[in-house]
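Asks: Below, each chain spelled out in residue letters.
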Amino acid sequence: MKNDKIKYLVGAHTPRVFPLEPYSNEVCEFLDDLSGVLRKDITAKKYSDIMTLAFWCRKASINKMKHEFEDGKYHLGRGLVFHITPSNVPINFAFSYFFGILSGNANIVRTPSKDFVQVKIICDTIQNVLKNSKYKIIKESTLIISYEKDKGITDYYSSICDARIIWGGNEAIRNIRQSPVKEKSVEIVFADRYSLALINSNAIIQTSNHEIQDIANKFYNDTYLMDQNACSTPHLILWIGEDKQGAKNKFWENIVKAAGKYDLAPIKVVDKYTQLCELSIEHDDIAKITKHRNLLYVVDMKQIPDDMCSLRGKFGLFFQHDIEDMEQIASKITDKVQTLTYYGINKEELIDFVIQNHLQGIDRIVPIGEALNMGVHWDGYDIIGMLSRQISVSS
Amino acid sequence: MFILDEILSMSPYCLDKGEKDKKYREGLKELTKKHYESCFMYKNMLDNFSFDINREYDVNEYPFLPVRLFKEYDLCSVLKENIAKTMTSSGTTGQQVSKIYLDKTTSANQTKTLVKITSDFLGKKRLPMLIIDSKSVVKDRKLFSARGSGILGFSMMGYDTTYALDENMQLDYNTIEAFLEMHKGDDIFVFGFTFIIWEYLYKVLAKTCRKLDLSRGILIHGGGFKKLIEEAVDNDTYKAELAKVCGIKKVYNYYGMVEQTGSIFMECECGRLHASNFSDVIIRNPKDFSICKKGEKGLIELVSLLPESYPGHCILSEDIGELIGEDDCPCGRCGKTFKVHGRIKTAEVRGCSDTYEK
Chain A
1 MKNDKIKYLV GAHTPRVFPL EPYSNEVCEF LDDLSGVLRK DITAKKYSDI
51 MTLAFWCRKA SINKMKHEFE DGKYHLGRGL VFHITPSNVP INFAFSYFFG
101 ILSGNANIVR TPSKDFVQVK IICDTIQNVL KNSKYKIIKE STLIISYEKD
151 KGITDYYSSI CDARIIWGGN EAIRNIRQSP VKEKSVEIVF ADRYSLALIN
201 SNAIIQTSNH EIQDIANKFY NDTYLMDQNA CSTPHLILWI GEDKQGAKNK
251 FWENIVKAAG KYDLAPIKVV DKYTQLCELS IEHDDIAKIT KHRNLLYVVD
301 MKQIPDDMCS LRGKFGLFFQ HDIEDMEQIA SKITDKVQTL TYYGINKEEL
351 IDFVIQNHLQ GIDRIVPIGE ALNMGVHWDG YDIIGMLSRQ ISVSS
Chain B
1 MFILDEILSM SPYCLDKGEK DKKYREGLKE LTKKHYESCF MYKNMLDNFS
51 FDINREYDVN EYPFLPVRLF KEYDLCSVLK ENIAKTMTSS GTTGQQVSKI
101 YLDKTTSANQ TKTLVKITSD FLGKKRLPML IIDSKSVVKD RKLFSARGSG
151 ILGFSMMGYD TTYALDENMQ LDYNTIEAFL EMHKGDDIFV FGFTFIIWEY
201 LYKVLAKTCR KLDLSRGILI HGGGFKKLIE EAVDNDTYKA ELAKVCGIKK
251 VYNYYGMVEQ TGSIFMECEC GRLHASNFSD VIIRNPKDFS ICKKGEKGLI
301 ELVSLLPESY PGHCILSEDI GELIGEDDCP CGRCGKTFKV HGRIKTAEVR
351 GCSDTYEK
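Heads up: the sequence lines are chains A and B, in that order. Just so we're aligned, residue 1 is where the first sequence starts under the numbering used here, counting upward by one. Just so we're aligned, residue 1 is where the second sequence starts under the numbering used here, counting upward by one.
Worth double-checking, as some hints may not be accurate.
Stated by the list, open to error - Pairs of lysine to any residue residues, derived as SDA-like cross-links and limited to a Cα-Cα distance of at most 20 Å, are as follows:
no., chain 1, residue 1, chain 2, residue 2
1, A, Lys268, B, Glu72
2, A, Lys268, B, His341
3, A, Lys288, B, Tyr36
4, B, Lys287, A, Leu295
5, B, Lys43, A, Asp300
6, B, Lys23, B, Lys112
7, A, Lys268, B, Phe289
What the hints contain is simulated information worked out from the structure, not anything from laboratory work.
Chain A extracted, bound-state conformation (with noise of 0.2 Å):
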């Protein structure tokens, strides 16, 4: 489709449906190659969201990921997945690609229409590894465009698919599922999402200063790192085990170290004070409200409130609350909660604590340090699984 509402970033105006086997040859190796380049470059280096994605795709990374998928199974790819990606995030869009073609698929990817450097440094990139002869195929049978709000475009799109994910807030998706898809296509949905933290006081009272500086740096990068921003940043804390209030004291303060380097612009700083302002005027079981400078405000609650996931920080803004055991909170954990993220807990006791009380949140659980990682299981989704198909085989 040519369209003169559509820039074309990447690629063939119409990608050649061709489906490969998931993690085929070609797509680690070209995934491969864009992970060294990117690696090297000197602009891209710049960016810390460059620099984890080009981790993410590289070799080792991905063989790991491909021996997990493999089951002895035939898979193909399903056809053509169409990617509506996030509009306010740079990155995204690059992992939802590579989502499709690990899977085996041809690639329509709509980036944000927001002009980001990273967006444009990345898709450089891809067009350059791309005119290796060796991966002709992908090249076919790939599309990266960005366009403005369009129902026509994403009609038309939407009618070719066979799969198409949708990254967006409610809003947003509910617009998008304005535009069919195929009977047969399958949808990946990445809504708004809330993510929460678990932390064993009895664990951090005994760790060593190096240790508890670790846990800090680890968490900063759980939150900070995108603004707390991101679906499965922790915006609430609970706190199991004893001495609960030195455990805070110690985590906090080197929380507070660790923020040292974050980059708290005026306009975060007004933002995240008439936050605290909003809460205090609408809440009435906050407990404690603790300002450790402008860098970190920390509301102690009373209570969580039914709608827990109201408890939302910005920019260093943290909820906490003391419970004796997980099971307090069970009714509190809708759907919509995505990542619980723990320090100092057994992991067992938690998936315990999921599958007993049927739930029907926490799709992830990971310890501290790991809630941004990215990974091919998202909000519950086996996202290769889901873009592929199975063919079953009777003897």
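Chain B: place on chain A using the hints.
Replies: For chain B alone, kept in the frame of chain A given last:
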């Protein structure tokens, strides 16, 4: 409020640091207590901030409300039936606007204060007034937009109020010339908004050879340089260019916001913005809200003794400013003097989900 009545009877720039501090300690305590007792949202906030209304605090220790709160909440400390008028900020389409609820007392005090402050620059005598705007802005009296209420507020200081722009924002030469002819030899009070004057008076005059003689004019303008900064026009350029096209020499900018109408900050002959007896300014370091030293840039907090009907006596603006001095301006007026550097920059917010299509 007793303190305010007392100040209203004085010359507007007479209080030095020590006297002002004494009055503000008392005034802010009274205002804070009043709003705490009559505005439940304000009370919730102060309770959650562990603020004890019965304790003595320094002037800079009172909690400040970010301006955006007035867009999101109906912050009001009087009964509905006592609201005399509601003012709104002139936000662009689609933006939420601030809603400021005024009772008779606060509204009257705003007018009295504005008269006090501006007469220090215009003189006690009322002057013929030329407004660089269109009459249509004030026609709908029910909509007290910041622009309309600004014009009406300042109109108290003049007589033979004449609008220089027609319904279509075109310069109305005939009306202006007739007005100037009538008041030949008199000082004239010219009023308007910074951007409107630039766009609809300056630019038009700069393009044509038709001349307007405003050499006897005293211009007071406000509203901010936000749009002009894009055209690289600062206060000095503004003054110089206006003098070029219409001979106007006395040009005073003022800084203020709809959340604290009346107690505006006027620019003096030395080019500094002044806090009067009615208001104060505190420059805060964004890192920790500590108080910035002279010459250090920070967020501007505005303090005013006027807001009795809504909790707007301490407000955190979204502007960056810097303190120049206190009680030491060569113009002779007491109070803090400062500079405004403009609005804080909007940041690229990171994250992973956002409404894509609206």
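Asks: Please verify whether Lys288/A and Tyr36/B have alpha carbons no more than 20 Å apart.
Replies: With a Cα-Cα distance of about 19 Å, the restraint between Lys288/A and Tyr36/B holds, given a limit of 20 Å.
Asks: Does His341/B sit within 20 Å of Lys268/A, going by the straight-line distance between their CA atoms?
Replies: Holds - the C-alpha atoms of His341/B and Lys268/A are around 18 Å apart, at most 20 Å.
Asks: Decide if the proposed pair is consistent with the structure: Lys23/B and Lys112/B, CA atoms, cutoff 20 Å inclusive.
Replies: Judged against 20 Å, a Cα distance of about 19 Å means the pair holds.
Asks: Between Lys268/A and Phe289/B, does the CA-CA distance stay at or below 20 Å?
Replies: holds, 13 Å
Asks: When you check the alpha-carbon spacing of Lys43/B and Asp300/A, does it fall within 20 Å?
Replies: Roughly 19 Å between the alpha carbons, so the hint for Lys43/B and Asp300/A holds.
Asks: Mind checking the alpha carbons of Lys287/B and Leu295/A for me, to see if they're no more than 20 Å apart?
Replies: Given pair Lys287/B, Leu295/A holds - Cα atoms ~7 Å apart, limit 20 Å.
Asks: Taken at face value, is the distance from the CA of Glu72/B to the CA of Lys268/A at most 20 Å?
Replies: Distance ~18 Å between Lys268/A and Glu72/B Cα, so the pair holds.
Comparing the model with each earlier hint shows no violations; every hint is respected.
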